[in-house]
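**Student:** Now for the letters of each chain:
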Amino acid sequence: MKRRDFIKSSGAMLAGAILPVSIVEVVVADDAPKGSENFTFAFISDSHLQQIKGTKFVRNWDMGLKKAVAECNLMNPKPDFILYGGDLGQLGKAAEIDHGAEILSALHSPMRMMLGEHDYYYDLGEHWSKRFGDKYYSFDHKGVHFIVLNSILTDEEWIHKWKTPEERMSTMAGLDDPNGSPFMVGASQRAWLKNDLSNIAKDTAIVVFSHSPLQKIYKGWNFWTDDAELIQEMLQPFDKVNVIYGHVHQIQYNQIGNISFNSVMSTAWPWPYPSTYKQAKQYLPKMTIEMNRADPFFERDATGWQFIDIHSGRVDLNYQLPNNKNRTIAFNEKSRKPEDTKYKLGDKMPPQKHY
Amino acid sequence: MRRWKETILLMASTLFVHAQPLGLPPVPIPADNPQTNSKIKLGDTLFHDARFSADGKVSCSTCHAKEKAFTDHLPVSKGFSDMQGTRMGTRSAPTVINAAYYTSLFWDGRVPSLEEQSKFPPINPVEGGLHSWDHLVDMLKKDPNYVKAFNEVFKVEKEAISIEHFAKAVASFERTVISGDSKFDRYMYGGEKDALNDAEKRGLKVYLEQGRCVSCHTISQTHAIFTDNQFHNIGVGFKALKGKSEAVASEYIERLKAHEKSVAKDKGEIKNLAADELVLSEKRFSELGRLAISHETDDMAAFKTVTLRNIDKTAPYMHDGSLKTLEDVVTWYNLGGKLKENDSTTAFLDGGIRPLDLSKEQEKDLVVFLKALTSPQFANVKDVK
Chain A
1 MKRRDFIKSS
11 GAMLAGAILP
21 VSIVEVVVAD
31 DAPKGSENFT
41 FAFISDSHLQ
51 QIKGTKFVRN
61 WDMGLKKAVA
71 ECNLMNPKPD
81 FILYGGDLGQ
91 LGKAAEIDHG
101 AEILSALHSP
111 MRMMLGEHDY
121 YYDLGEHWSK
131 RFGDKYYSFD
141 HKGVHFIVLN
151 SILTDEEWIH
161 KWKTPEERMS
171 TMAGLDDPNG
181 SPFMVGASQR
191 AWLKNDLSNI
201 AKDTAIVVFS
211 HSPLQKIYKG
221 WNFWTDDAEL
231 IQEMLQPFDK
241 VNVIYGHVHQ
251 IQYNQIGNIS
261 FNSVMSTAWP
271 WPYPSTYKQA
281 KQYLPKMTIE
291 MNRADPFFER
301 DATGWQFIDI
311 HSGRVDLNYQ
321 LPNNKNRTIA
331 FNEKSRKPED
341 TKYKLGDKMP
351 PQKHY
Chain B
356 MRRWKETILL
366 MASTLFVHAQ
376 PLGLPPVPIP
386 ADNPQTNSKI
396 KLGDTLFHDA
406 RFSADGKVSC
416 STCHAKEKAF
426 TDHLPVSKGF
436 SDMQGTRMGT
446 RSAPTVINAA
456 YYTSLFWDGR
466 VPSLEEQSKF
476 PPINPVEGGL
486 HSWDHLVDML
496 KKDPNYVKAF
506 NEVFKVEKEA
516 ISIEHFAKAV
526 ASFERTVISG
536 DSKFDRYMYG
546 GEKDALNDAE
556 KRGLKVYLEQ
566 GRCVSCHTIS
576 QTHAIFTDNQ
586 FHNIGVGFKA
596 LKGKSEAVAS
606 EYIERLKAHE
616 KSVAKDKGEI
626 KNLAADELVL
636 SEKRFSELGR
646 LAISHETDDM
656 AAFKTVTLRN
666 IDKTAPYMHD
676 GSLKTLEDVV
686 TWYNLGGKLK
696 ENDSTTAFLD
706 GGIRPLDLSK
716 EQEKDLVVFL
726 KALTSPQFAN
736 VKDVK
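Chains as they are written, first to last, in this note's numbering: chain A, 1 to 355; chain B, 356 to 740.
Check before you lean on any hint, since a few could be wrong.
Stated by the list, open to error - Selected chain B positions facing chain A (Cβ under 7 Å, derived; list incomplete): (1) Tyr456; (2) Lys599; (3) Ala602; (4) Glu696; (5) Ser699.
Said to hold, decoys possible - Derived DEER-like restraints, expressed as beta-carbon distance ranges: (6) Gly54(A) to Leu563(B): 44 to 52 Å; (7) Ser575(B) to Ile200(A): 29 to 37 Å; (8) Glu682(B) to Glu102(A): 55 to 63 Å; (9) Asp177(A) to Lys626(B): 50 to 58 Å; (10) Asp80(A) to Ala405(B): 37 to 45 Å; (11) Asp698(B) to Pro237(A): 30 to 38 Å; (12) Lys597(B) to Lys342(A): 51 to 59 Å; (13) Pro237(A) to His614(B): 50 to 58 Å; (14) Gly545(B) to Glu102(A): 42 to 50 Å; (15) Asp140(A) to Leu563(B): 55 to 63 Å; (16) Pro77(A) to Ser517(B): 41 to 49 Å.
If you're looking for bench data, these hints aren't it; they were derived computationally from the structure.
Heads up, the beta-carbon is just placed ideally off N, CA and C, and yes, glycines get one too.
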């Protein structure tokens, strides 16, 4: 059954439903490049699975990923692929990454993997690579060029200054830690990216996945990539560029020049959250900045996953938010930037245009 | 003074006067279906009339019997019988008591009002089994007593009697089936500090704090309806899907499309009537819960939060009647959606269903507290089949 057929037959009754997947009537621009098709993929990210001991893992984080996987499997038609956005584990242990691979194996669609700093700074991504392959790569799908970057690298000196891998990992996992180090894509990967992009026509739609934002938001929490400007510079010449990133555990969207930025939700916990959260023995890292949450007792509060409609080279992010109103951030062809389809900020809060 | 007199007169002549039970807010009355004594009386009669079923033996009160606290004390309800035997539904009959406060009806909230709710069971193929509402309305028109009563209540001639009149009368009656005045209400809202004993008070504390029951079964400063009117997956019934939730959901959507067409042809375009038939006739579809109506993935196997008033008198529990005692129910929540520590649970579980770490004493106190939610008029209900 074609999605469009379903829309016609079921009408308004199903507005907002995602089973079958999306009922968003996609706008096909007249100037859509030949060969570009509309399609949907899913994005699950930041599960932070944490081993307590042996076969015991933090239940809350496990349930978050399992729920996202189970809900994603309900999509009909199936998404073309599912991107995992990084931070599968919490402390980079092989046991965590293997446990995550096991949970993700229940997905019924092809997987693409991206690395997060929590998967990396224990053994510098060795076990992750053994399980999932390349740390950065590109692929083409239905006329769109996809690039998966490893944006969580940092300088070599910092990497090798630690006595133990655990020390390195826990320092990088901390927030507002003066001993941390800013993320970067790095020179060699930038050279690879330059070469990769050199074969791509300027009117080809590009989607870049990065774990950290390829824009500078807040350094203390590494909502930051040090060489973001250099990457943006390489991407600006293309007509339609979409950057989708994890790491921030909240919904963000922004437009810088030709580049649309969208973030994704975490399946584990939202940033920020209150330090007053002390319902039971907890495994949340300590926080310095607080935010009101509806109810931290509700474990899936302010978490979620998303499916993404690609149309005419633009991305619309459909956030699936348990016990919450689902949200859609769609590219507005008129204003030429991503916008929430329901919540309008008006002029009160201008988007970030600088770095 | 004069105005006061007028008010009294007005109430005496047209309105059903009902003392507000302690602990309940005013009953919401739809503007297009005001309460009148004669309408309530008619609704009461209709509610108990077994003629509106294929075998002439099933009325609303069959599954919602007053002497059984307006439920049937069965795990899942029985419908009409014929040569093929007795039809069995897929869900447990929720009590009618205080149903007036729900913002949607049925376990999956497939209708928005008591009026809409009352219309479905008579024509559901496993409940009343009538072919159509026309059939029901014909029976009303053939009964001179009903013709007279409908004329009196709705000022309609015989030929103009419709299923909507039936629905309004039944709903009006159901809006009188409300009950508060429990020990809890006297303690909480009546200023009787000793209405609850120590164990019940400890249970209330568990309810409000570590047990977090109150998150969904709400209590406010002035009243308690014990429901958030939302839908939650609490892990009940998922085993019936045998790990095939995706396949069952997809099959359901396909079947629903086809069934909507045939229902529309047979009975007219009636919202969610096709879903009503599918979920009550096929156990696996029933277990899809709210998803069967909303088609949202987050609603997979989610069911409506039901009231806890008179909960001691409305066993068995949960949408499928799978838990027999309040002790089991409390254990279920305490373990985060299971009866035994090593049982598996569903990936679709609501984020509020998590291990609570209650002690055995706390569990006991909680059960004792739940038993203090019984209203005096249902205190003598015996849980017998």
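**Student:** Determine for every hint whether it applies to the structure shown.
**Tutor:** Comparing the hints with the structure gives:
{"no.": "1", "hint": "Tyr456", "result": "violated, 21 Å"}
{"no.": "2", "hint": "Lys599", "result": "violated, 11 Å"}
{"no.": "3", "hint": "Ala602", "result": "violated, 10 Å"}
{"no.": "4", "hint": "Glu696", "result": "violated, 13 Å"}
{"no.": "5", "hint": "Ser699", "result": "violated, 11 Å"}
{"no.": "6", "hint": "Gly54(A) to Leu563(B): 44 to 52 Å", "result": "violated, 36 Å"}
{"no.": "7", "hint": "Ser575(B) to Ile200(A): 29 to 37 Å", "result": "violated, 60 Å"}
{"no.": "8", "hint": "Glu682(B) to Glu102(A): 55 to 63 Å", "result": "violated, 35 Å"}
{"no.": "9", "hint": "Asp177(A) to Lys626(B): 50 to 58 Å", "result": "holds, 56 Å"}
{"no.": "10", "hint": "Asp80(A) to Ala405(B): 37 to 45 Å", "result": "violated, 55 Å"}
{"no.": "11", "hint": "Asp698(B) to Pro237(A): 30 to 38 Å", "result": "violated, 57 Å"}
{"no.": "12", "hint": "Lys597(B) to Lys342(A): 51 to 59 Å", "result": "violated, 38 Å"}
{"no.": "13", "hint": "Pro237(A) to His614(B): 50 to 58 Å", "result": "holds, 54 Å"}
{"no.": "14", "hint": "Gly545(B) to Glu102(A): 42 to 50 Å", "result": "violated, 55 Å"}
{"no.": "15", "hint": "Asp140(A) to Leu563(B): 55 to 63 Å", "result": "holds, 57 Å"}
{"no.": "16", "hint": "Pro77(A) to Ser517(B): 41 to 49 Å", "result": "holds, 42 Å"}
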